[in-house]
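In case you want the letters, here they are:
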Amino acid sequence: MTVTDDAQARPTDTAETPALRIDNLHLAYKVRGVPREVLRGTSFEVAPGEAYGLVGESGCGKSTSAYAAMRYLPENAVITEGSIEVAGKEITTMSNSDLRKLRARDISMVYQDPVASMNPSLRIGQQVEEVFALIGQSKSEAAASARKAMVQVQIADPDSVLDRYPHQLSGGMLQRVVIAMALASDPTLLVLDEPTTGLDATVEAEVLDLVRDLRHQTNAAVLLIAHNLGVIRTMCDRVGVMYAGKVIEEGNAIDVFDNPQHPYTAGLLSSIPRKGVRKTDRALFAIEGGLPPIGTELPTCVFIDRCVLADETCRTVVPPIVQRSEAGHWTRCHHPDRLDEIVEAEPDAVDVVPTGETVVELKGVAKTFKQKGRDIPALVSVDLKIGAGETLGLVGESGSGKSTLAKTLLGVHSLDEGGEITINGRTIAPAAESRIPKSLTAMQMVFQNPDSALNSAWTVRRILRRTIRKLTGVTKEEADRRVDELAEGMQLTQRHLGMRPRQLSGGLKQRVAIARAFAGDPEIVVCDEPTSALDVSVQAAILNLLAKLQTDDRTSYLFITHDIGVVRYLSDRIAVMYLGRIMEIGETDVMFDGPNHPYTEALLSAVPSVDGAAEYRIPLDGDVPTPANPPSGCVFHTRCHRFIKGVCDVSEPELIDIGGGHALRCHIPADELLAAQRADVAAR
Amino acid sequence: MTIEVPEVPPAATAIDIAGAERKTARRERTKLLFSSPAFVFGSFIVAFWVFCAAFPSVLTRFDPRDTAVTDDGELLGFHTSPNGNAWFGTDSVGRDVFSRVVAGARPIMVDAFAAAALAVIAGTVLGLIMGYKRGWIDELLSRFVEAFLSLPVILIGVLATATIGKSRIVIIAIVAVLFTPIVARTVRSSVSAQADLDYVTSARLRGESSMYIMAREIFPNVTATIVVELTVRIAYAIFTLATLAFLGLTGSDLALPDWGKDIAAEFRFLPNDTWWSTIFPALAIATLIVAVNLIADTIDRVNKS
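Protein sequences, first through last, are from chains A and B. What the first sequence shows, in my numbering, is residues 26 to 709, in sequence order. What the second sequence shows, in my numbering, is residues -5 to 299, in sequence order.
For reference, chain A alone in the conformation it holds in the complex (with noise of 0.2 Å):
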């Protein structure tokens, strides 16, 4: 085929070559020295104009993949077998000068963190006209067509933003900005690596939209990889499923979610709490053990090891591509029939009815940091009650103060004079150093990143045995038998003891980590977005086991996360959270119901659906403001879409009870609110 420039001549000469098409890709990693396979036999292809889904666990080769159809792969990266087309052009084989201007002009990429894609010490006008230099624009048209780009990323105020560097400018804007680069050439293919993993759910929804609305002015194919299946379905046309390096589930996007048709598809979608299930309905379900390391050796199915329906023929007959419906809805499984004897499995739920006794009390709880001299509060008088046994869910969007709260409340931080935090009843010190043993052991957290949050340099065994010692005084031997008890309820085998967390999959680390929080029989454990680093099939297992815990302990949960799914399926309360104030709080099945705080109303519609349930978004224009400089009256009033001129500018209000413990901090009177949310969701 013949390329050419001609922009009328592209969608006749495309209609039939691919955009992207990888044909049995084989990809190895050299890691100290070996080369470890990736990539195996990898195939799938990408129409012209149409937008592809990747989804899978991490370490399945998703991001790999995009990076390879750029080839833009690290120093110590092997391709061994298959073929990368883009739009035609066999790439593996390319010159490097080829290649330059075949990214320069057919394929663009957007990855996850804007901040690392821009360069920060250049305004973001110079960084924009360099790529429409680099396809050939003279600096004025260039300087014209940067301005245009900005308005076709929505960017309401292009002057200004064109004039600043990348680090005045939030992520979400920066990412408008990398997408509107990434455009500049107007690609064949488009690549979006995670765009929107780093952002809150808010913003997250606005690029979205914005990349779905480009997608049709541009008629760029799309290449999406996320882990979050709700991304995925609203924005594709076709998914790939992807386990182990090789893609095992194909089809359009509504057929794959809403029938799926391999073992780990059904078990991915199952394990993901949806639809409004709570704890006390049933238990999740969850796909047991982890993704084979890279390199291993699987000669027949890749999800053998995992699979309940695994029998002698998976293990030893590779398993053919099964057409499952007329439109290319494919699997690669001997036993697609049988998948209804996998799912809803664990009917367990759990029974633990708070009691409403108090166990932590915070009163009046402020934190202000200081920096330059200049104060900033963090946190604003924060009054709350957890009870024995209950989960309390935390959310708000990152800058409203949630971690604060958690690392005052455990003393990392020191709270503000004033301010008080009583566990059942007895008045604590603020910092962790000066609290004595009783408090600590009273008190104890489960971190985001479980990498970070274990000593990379000692045994599970060390420590947790370290732990138990430290909190409850016991002798070494003792304590030995309590790691054995302990590892036990956690699932955790001898064999794991004897490891380095660096051995263990992210699953297992996160059971090493909620054992240790367990390790001294604690009052109540805080857990700072637990399952966000990890994949779904994992998260679902983590989830079962802290619900598991607390209904054999009665231990209480301070449970921050920005997963509306995660924190309707496990909270008993939840407290919304915007510049250090508690905006919202009450029961979940109250806070789902209404009246929302409009802050809440626009948090809860902003959440891509994987059911496909019809999307109604409230926006949230601009970005939270700086706890140093915070609006008046109302703090929520910049963005909030019932904002009343004369009212919510002018005067703070204050935290309302509206009965059953369903509190507001919001002029508008509660059924008002009601009676207008009720409107807005009939209108649509």
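By construction, these hints were calculated from the structure, which means they are not laboratory data. A portion of the hints provided could be inaccurate.
[Claimed, not checked] Chain B residues, not near chain A, derived (Cβ > 12 Å throughout):
(1) F42
(2) A47
(3) S51
(4) W81
(5) S86
(6) F107
(7) F138
(8) A197
(9) R262
[To be verified] Pulled a few chain B residues facing chain A out of the computed Cβ check, cut under 8 Å:
(10) A19
(11) S29
(12) T64
(13) D66
(14) L191
(15) T195
(16) L199
(17) G201
(18) E202
(19) P214
(20) N215
(21) K298
Every residue gets a Cβ at the ideal spot worked out from N, C-alpha and C, and that includes glycine.
Since the structure of chain A is already known, use the hints to place chain B on it.
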């Protein structure tokens, strides 16, 4: 004679033997080290010099401290060019250059190792405190470190030997003190990265003391940095010691074999075409430093792969 002497453990994790995967990882890392020509080459050279330092008399036929006399009682002569008897020729006093080069390995290697090890120990302690404690103590020590770093090593050597004396202990101490801030700064940045990790927060939340957190929690995680730092510092110490010797700042006994001092004593004969008495000790210094650096570089690269 070509005994493989592993002067430097292959990697910081070498102590560890738990778990088969870990063993495999270590084996792979060792294999990678030895598959690097730079590492093998460096190891051979260092092994040779270690052998010289350990058993100098195995290789030499003459007393390095005295005018060389053959078994027949014959003098080799002054400034004799390299020949069958004196492979590297003789110097201005008629001593065998080869014997002196071989015998010179021991003092410089022992001293360089001692100085580097002292600097690494002191620097690690300081680096741990600075990186973990932060705040005013870090500010204070950082200023000290910067002040020290701005001092020219040789100038301080001259001043210190002039005021304190030229004994071997003093020289080792000076080099160690001058290297400590450099090590401290490197270790500090590694420690600082570790101190931000949640396992440190977790240790605080169970009431561990700062001492325990630094020594038991953080230290094992920065050993890779320390091993590389030690190797690099040994190379620098060799160079610094040779320079100080060349300037005549390290003791006055000219009979003792010393590469730096020999170069100082002989280089003025270079214009007379008497190159061997200068070039061979100089080559000895150069090969040893290059070899140690090759090893350090490879370890660093393998640690990061």
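Against the structure, the hints come out as follows:
{"no.": "1", "hint": "F42", "verdict": "holds (26 Å)"}
{"no.": "2", "hint": "A47", "verdict": "holds (32 Å)"}
{"no.": "3", "hint": "S51", "verdict": "holds (41 Å)"}
{"no.": "4", "hint": "W81", "verdict": "holds (39 Å)"}
{"no.": "5", "hint": "S86", "verdict": "holds (51 Å)"}
{"no.": "6", "hint": "F107", "verdict": "holds (26 Å)"}
{"no.": "7", "hint": "F138", "verdict": "holds (25 Å)"}
{"no.": "8", "hint": "A197", "verdict": "violated (8 Å)"}
{"no.": "9", "hint": "R262", "verdict": "holds (50 Å)"}
{"no.": "10", "hint": "A19", "verdict": "holds (7 Å)"}
{"no.": "11", "hint": "S29", "verdict": "holds (6 Å)"}
{"no.": "12", "hint": "T64", "verdict": "violated (52 Å)"}
{"no.": "13", "hint": "D66", "verdict": "violated (56 Å)"}
{"no.": "14", "hint": "L191", "verdict": "holds (4 Å)"}
{"no.": "15", "hint": "T195", "verdict": "holds (6 Å)"}
{"no.": "16", "hint": "L199", "verdict": "holds (6 Å)"}
{"no.": "17", "hint": "G201", "verdict": "holds (5 Å)"}
{"no.": "18", "hint": "E202", "verdict": "holds (7 Å)"}
{"no.": "19", "hint": "P214", "verdict": "holds (3 Å)"}
{"no.": "20", "hint": "N215", "verdict": "holds (5 Å)"}
{"no.": "21", "hint": "K298", "verdict": "violated (11 Å)"}
Hint compliance for this structure: hints 8, 12, 13 and 21 are not met, and every other hint is.
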